[in-house]
Amino acid sequence: MCNTRGPAMAEVKVLSRNPDDYVRETKLDIQRVPRNYDPTLHPFEVSREYTRALNATKLERLFAKPFVTSLDGHRDGVNCMAKHTKTLSTLLSGSCDGEVKVWNLTKRECVRTLQAHEGFVRGMVVRFCGSSFFTVGDDKTIKQWKMEAPGYGEEEEPLNTILGKSVFTGLDHHQKDAVFATCGQQVDIWDEQRTSPIRSFTWGVDSFSAVRFNPVETELLASCASDRSVVLYDMRESTPLKKVIMTMRSNTLCWNPMEAYYFTCCNEDYNLYTYDMRFLDKPITVHMDHVSAALDVDYSPTGKEFVSASFDKTIRIFAKDGGHSREVYHTKRMQHVICIKWSLDNKYILSGSDEMNIRLWKANAAEKLGVMSPREREAANYNQTLKEKFQHHPQVRRVARHRHLPKSLYHQTKELRVMKEARRRKEMNVRKHSKPESVPLLTEKEKHVVTVVK
Amino acid sequence: MAKASKKKVSKAVVKAMDTTAAVTPDVVYDEEDEEDLSKADEVITSEDEDGEDERRRQKLLEAISALGGKRKKTLGERSEPSVQMSEFTVNADGEGDKIDLSDLIGTVERTSAVPATTKKQLKNLQRSTKPIACPLSKQESQRIQRDVAFQKAATEVTRWKSIIKQNQRAEQLVFPLNQEPIGPKPMERVVSGWKAQTPLEQEIFAVLSANKQPINDPILTPTEEASMRAMSLEEAKIRRAELQKARALQSYYEAKARREKKIKSKTYHKVQNKAKRKEFLKQFDEMVVADPASALEELNKIEMSRMQERMSLKHQNSGKWAKSKAIMAKYDDGARKAMQQQLEVNKTLTQKLVSSLNEEEEEEEKDEADAEVLPELVNDAEQVLNSLNPWMRGKLSEEHKEKEISNTVDLTAEGPGNTVEEDEDEEEVEETEEEKLLREFESRRKLRHALETDAAPLTCMDDNTEDKAAAENPDVSDKEEEELSEFTSLFRGIADSLQEAESETAEAGEDHSTPLEEDLIRVRTLEDMELLSQENLPSGEAAAPPQQPPDTAALSSATEKTGKNRKRKRGIELKEVLTKGTEVIKVPLIPTTEDNEDNEDTEDRDDGLDQSGLIKEAFAGDDVISDFLKDKRKQEDAGKPKVVDLTLPGWGEWGGTSLKPSRHKRRRFRVKTAPPPPRKDRHLPSVIMSEKRNSSISLHQVSSLPFPFENHAQFESTIRSPLGRTWNTERTVKKISMPKVVTQMGAIIEPMAREELLKERKQLVLRSFSRPCSPCFPGSPVKYSITGESCVFNQKHIGYRY
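Protein chains in written order, with this note's numbering: chain A, 1 to 454; chain B, 1 to 802.
FYI, nobody ran anything at the bench for these hints, they're computed from the structure.
In this text, a Cβ means the ideal position worked out from N, Cα and C, and glycines have one as well.
It is possible that some hints are incorrect.
Here are a few chain A residues that face chain B, going by a calculated C-beta distance under 7 Å [stated by the list, open to error]:
| id | residue |
| --- | --- |
| 1 | 47 |
| 2 | 49 |
| 3 | 216 |
| 4 | 239 |
| 5 | 379 |
| 6 | 381 |
| 7 | 387 |
| 8 | 388 |
In silico BS3-like links for lysine-lysine, alpha-carbon gap of 27 Å or less [to be verified]:
| id | chain 1 | residue 1 | chain 2 | residue 2 |
| --- | --- | --- | --- | --- |
| 9 | B | 735 | A | 58 |
| 10 | A | 304 | B | 759 |
| 11 | B | 165 | A | 387 |
| 12 | A | 454 | A | 432 |
| 13 | B | 165 | A | 304 |
| 14 | B | 740 | A | 65 |
| 15 | B | 276 | B | 314 |
| 16 | A | 58 | B | 740 |
Please construct the entire structure, taking both the sequences and the accompanying hints into account.
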């Protein structure tokens with residue numbers, strides 16, 4: 001209509017958008033998503049995130065399937081295990097009938113079997129280079145074996161055999177040098193090239209159950225003795241350093257691989273104790289939850305957590321500074337767990353138990369094992385932070401903390417709780433009816449240490 | 001060489017002597033053995049000579065001797081031939097002897113290989129006659145050993161503390177710890193045995209090699225490598241950090257200096273200068289001990305400047321400005337003060353520096369100095385100030401008289417003096433003690449003037465009245481005496497040293513302050529009482545202290561003014577005044593008695609009234625019960641559901657300003673909600689129960705404060721802040737939801753290695769250097785230049801990091 005009037009330019013308004021704002025340059029670019037972060041447009045943030053957190057927690061419990069596989073083949077209880085230092089997929093295990101098996105974990109099969117000792121295989125350790133391993137057994141021998149299987153027609157023979165004077169009960173290898181330590185009647189330091197120990201430590205005890213080198217300060221080592229003590233040594237010194245005597249015997253111990261002065265020992269009194277080696281008069285943390293003697297302990301390679309095996313047929317995972325376990329693993333068929341290892345990639349836990357099986361567990365029960373896409377990983381991270389944020393809310397906590405326990409175990413736990421309460425009450429009453437300050441008020445940490453011997 | 005040969009000779013001699021000494025006893029000891037040996041020798045020789053027959057004979061003899069039952073002694077014996085006979089013909093002497101220490105170390109004295117310290121120790125050992133202490137028992141020594149070893153191990157292990165702490169605090173830890181750095185790698189490491197094969201490649205490599213460009217290692221050229229060798233990255237970082245720190249410090253210093261320069265306060269600069277001078281003197285004293293030569297130099301410099309000052313007319317109050325001020329000085333306090341300051345400056349600058357270096361000279365010059373300093377002051381006083389003031393002339397002949405005059409003045413004069421002071425310079429609250437002193441004297445002089453002009457007879461009668469006054473308050477007069485004596489001593493010893501004089505004047509000033517306050521009390525109490533109880537104390541002024549002299553009446557208005565000023569400025573003094581005032585005057589007792597009366601009244605009333613009555617009286621105005629009922633009604637109403645009207649005008653019918661939606665429509669769109677469940681408190685008339693508490697929600701609420709949080713606000717704020725990407729930007733979300741521990745799939749995590757410790761130390765060093773710099777130079781480019789090649793390196797390896 002207007003145009004008929006003349007050539008004057010008419011003003012025409014048109015919707016115009018710059019394609020640069022919304023079109024991808026290539027199809028590999030991510031889609032541009034305009035967002036408005038105005039909080040009024042996104043109300044109820046707390047309740048929405050709470051719901052997400054609750055859902056994430058529930059899903060975590062849903063996906064928590066820690067048991068990966070069981071390796072069977074031993075003809076007696078598995079007494080000791082060793083991680084390969086260079087290969088993640090290799091595991092060595094020694095059983096109570098003197099048999100040593102080498103396992104391929106990816107294939108879940110035994111690749112080599114050898115009769116190493118007569119009687120128990122007491123200890124086993126892989127050399128730091130991964131080319132050979134040592135075993136000690138009830139037959140008073142230390143044997144060094146090649147990691148590779150013998151060729152066709154070759155006989156299975158140890159590289160070296162050292163005949164000791166007494167039974168060896170434990171074994172550990174130095175982190176870098178050709179030196180290893182055994183324990184039995186005394187703690188011996190051996191050079192690989194010699195048949196007699198280069199150093200022997202004794203300190204009024206004649207029976208040691210475990211010896212471990214410190215992986216960080218590699219010259220230090222610690223051992224558990226039958227007089228309920230944990231003894232510290234320096235390889236370079238001629239005498240032991242110090243020992244702490246507890247109320248009950250420690251079975252084994254493990255040093256934190258990332259924090260040089262912390263170690264954790266598992267005790268017959270159902271607890272685990274983390275010590276600072278500089279201050280032995282009191283443990284840093286008492287880890288409680290087992291309902292029977294703790295038999296073995298191993299740190300995760302990140303040094304943030306450790307796993308313990310117990311006579312009560314469970315495996316528990318503790319944070320290094322957590323008084324109670326964050327996870328408990330058990331199966332119907334698993335009997336007393338004798339030995340435990342945390343794999344070197346921080347992903348798996350291996351347990352050897354009385355009923356001749358080695359079990360492979362996930363360290364994080366709900367973790368996805370395969371490769372994760374970036375979005376998946378981000379979602380998982382977000383869920384994790386949400387769970388942490390709302391961990392104190394009763395519903396979330398209830399779901400997150402809930403674990404199924406076998407009936408016997410459950411009742412035992414309850415019983416222990418009652419016993420503990422009774423003991424506490426009695427002590428309180430005694431204190432109430434005795435002279436003030438005649439019954440000292442001891443913390444849980446102080447209770448279990450008898451004395452520190454210099 | 002000659003020496004060595006000599007030593008050898010001497011050694012040889014010693015040996016020879018030893019052997020000769022050894023020979024004779026040896027023979028004696030070993031006679032029997034030798035006999036045996038000789039026998040055996042004989043036997044052997046005979047065997048050799050006689051052959052078979054002899055041997056047979058020997059056998060026979062042996063058989064016979066065996067029959068006799070006596071065995072040969074030598075058979076079962078074990079002997080060491082070297083003891084008896086040595087191939088070097090040196091026999092060990094004194095075999096059965098007791099060995100002394102001197103036997104063992106006899107030769108040590110003469111050998112040069114043994115260090116002197118060892119020789120000394122040995123000598124000491126020989127000399128000491130005490131028995132050596134019994135060694136510790138095995139248990140104890142082992143215990144000590146263990147303790148020492150443990151301490152050693154503990155300290156060794158403690159080195160890890162910082163790393164452990166750091167890792168515990170770290171937001172994210174990535175394992176394995178020692179991962180290979182990302183970035184370009186040299187070709188040989190990636191591909192082994194690669195060769196240029198195609199002609200193009202060959203050509204390229206030819207060009208590269210011709211230009212000395214790196215072929216195998218594509219990262220660095222030779223010059224760059226050289227620079228790398230010259231300085232490693234770490235070193236460069238450290239160096240840069242150092243330089244940054246230095247620059248930062250410089251800029252701080254400059255800024256500070258600028259700031260200080262801008263300060264206009266003269267007092268500040270005066271104090272500052274004084275402090276500097278003091279500091280300098282201190283340093284100079286130290287220097288005298290440590291480095292006399294340079295100290296002498298410094299001294300010369302000081303002397304020079306002093307000479308210059310003395311020569312020049314600066315600060316002498318002889319310039320144009322000074323003259324004009326001198327005219328003004330009669331009327332203007334400020335001018336006078338300025339002149340005083342000038343003189344002060346002059347005095348300090350012409351002050352002779354006292355040190356051990358020029359002590360001898362000083363004594364000679366002392367008289368001179370006295371003559372130098374004193375006259376100036378005197379001159380000045382005559383020039384500027386009132387010539388009538390004998391103190392300012394430096395004479396104190398008429399001590400007694402002057403003191404008495406001052407007494408009368410003192411009581412009254414301080415008030416106006418202070419007012420002047422405070423009116424004039426309110427900023428200069430902190431004055432130097434000297435100034436105080438001077439002003440005091442000035443005010444005294446002023447008042448004396450006034451007295452002279454106003455009451456001539458009083459001055460005539462001086463002695464008597466002042467004596468009386470002194471008798472009245474002997475304390476004050478005593479104090480004044482002290483002050484005076486101090487002042488005279490000040491005058492006498494003014495040439496000794498400036499510092500001493502200052503301290504003395506300070507003391508004098510302090511002494512002055514006490515009587516000054518006493519004065520003020522009287523004035524203050526009056527005023528305070530007025531303030532305290534104006535309505536019930538009409539006789540406040542009448543209760544003025546009787547000690548107050550009649551002179552003050554004239555100045556009462558002035559004093560009151562000062563009092564007000566004081567009060568405005570300093571609260572503390574007021575308090576002091578209040579406390580002291582109650583002691584002196586009885587007036588404050590009146591209000592207290594009143595209080596007592598009041599108390600009695602209330603007690604009487606208490607007796608009369610019982611508790612309930614009191615409460616009734618207290619809550620007489622408000623009707624609590626009806627209020628409560630109203631409250632309850634209000635809450636009930638609030639709990640009732642409202643009728644919601646969802647009518648939309650204009651929909652389905654005509655709309656407009658004056659039109660209302662139809663009744664039918666309104667009824668249709670009015671939503672009535674169901675009535676709420678009956679209230680819990682409906683049968684309890686005196687109770688309100690909140691209906692807000694929802695048990696279904698409380699299931700989801702945290703009941704107690706969780707561990708790491710210290711208060712509810714903290715916890716609530718953490719809960720309130722959302723984490724998701726609906727509310728946060730992508731980067732924030734990533735940062736928030738960063739996992740604490742990251743591990744690489746399939747990678748073996750080795751235990752912490754010793755190298756981490758070294759790394760940590762290096763980082764610490766770096767951080768300690770760079771910490772103060774980072775905030776002050778956020779985007780500053782790297783400026784420092786290292787000569788030549790390392791510049792290239794800078795650009796490549798440091799520059800780009802910024």
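Against the structure, the hints:
Hint on residue 47 (chain A) is violated. Least Cβ distance to chain B is approximately 9 Å, over the 7 Å limit. With a least beta-carbon distance of about 6 Å to chain B, the hint placing residue 49 (chain A) at the interface is held under the 7 Å criterion. Interface restraint check: residue 216 (chain A) against chain B, minimum CB-CB distance 5 Å, threshold 7 Å, status holds. The beta carbon of residue 239 (chain A) comes within 5 Å of a beta carbon in chain B, closer than 7 Å, and the hint placing it at the interface holds.
The closest approach between the C-beta of residue 379 (chain A) and any C-beta of chain B is roughly 9 Å, which is over the 7 Å cut-off, so the hint fails. Proximity of residue 381 (chain A) to chain B holds as hinted, the smallest CB-CB distance being about 4 Å (cut-off 7 Å). With 7 Å as the threshold, the beta carbon of residue 387 (chain A) stays out of range of chain B, its nearest partner Cβ sitting at about 11 Å, so the hint is violated. Because the smallest distance between the Cβ of residue 388 (chain A) and any Cβ of chain B comes to about 9 Å, over 7 Å, the interface hint for this residue is violated.
Between residue 735 (chain B) and residue 58 (chain A) the CA atoms are separated by roughly 25 Å; this keeps the pair inside 27 Å, and the hint holds. Taking the CA atoms of residue 304 (chain A) and residue 759 (chain B), the gap is about 22 Å. The hint holds against a cut of 27 Å. Under the criterion of a C-alpha separation no larger than 27 Å, the hint pairing residue 165 (chain B) with residue 387 (chain A) is consistent with the structure, at around 26 Å. A hinted pair counts as satisfied when its Cα atoms are at most 27 Å apart, and residue 454 (chain A) with residue 432 (chain A) does not qualify at roughly 35 Å.
Restraint check for residue 165 (chain B) and residue 304 (chain A): the C-alpha separation of about 13 Å stays at or below 27 Å, so the hint holds. Straight-line distance between C-alpha atoms of residue 740 (chain B) and residue 65 (chain A) comes to about 23 Å, which keeps the hinted pair within the 27 Å bound. Pair hint residue 276 (chain B) plus residue 314 (chain B) holds up; C-alpha atoms about 21 Å apart against a cutoff of 27 Å. Distance hint between residue 58 (chain A) and residue 740 (chain B) is fulfilled; the C-alpha atoms sit about 22 Å from each other, no more than 27 Å.
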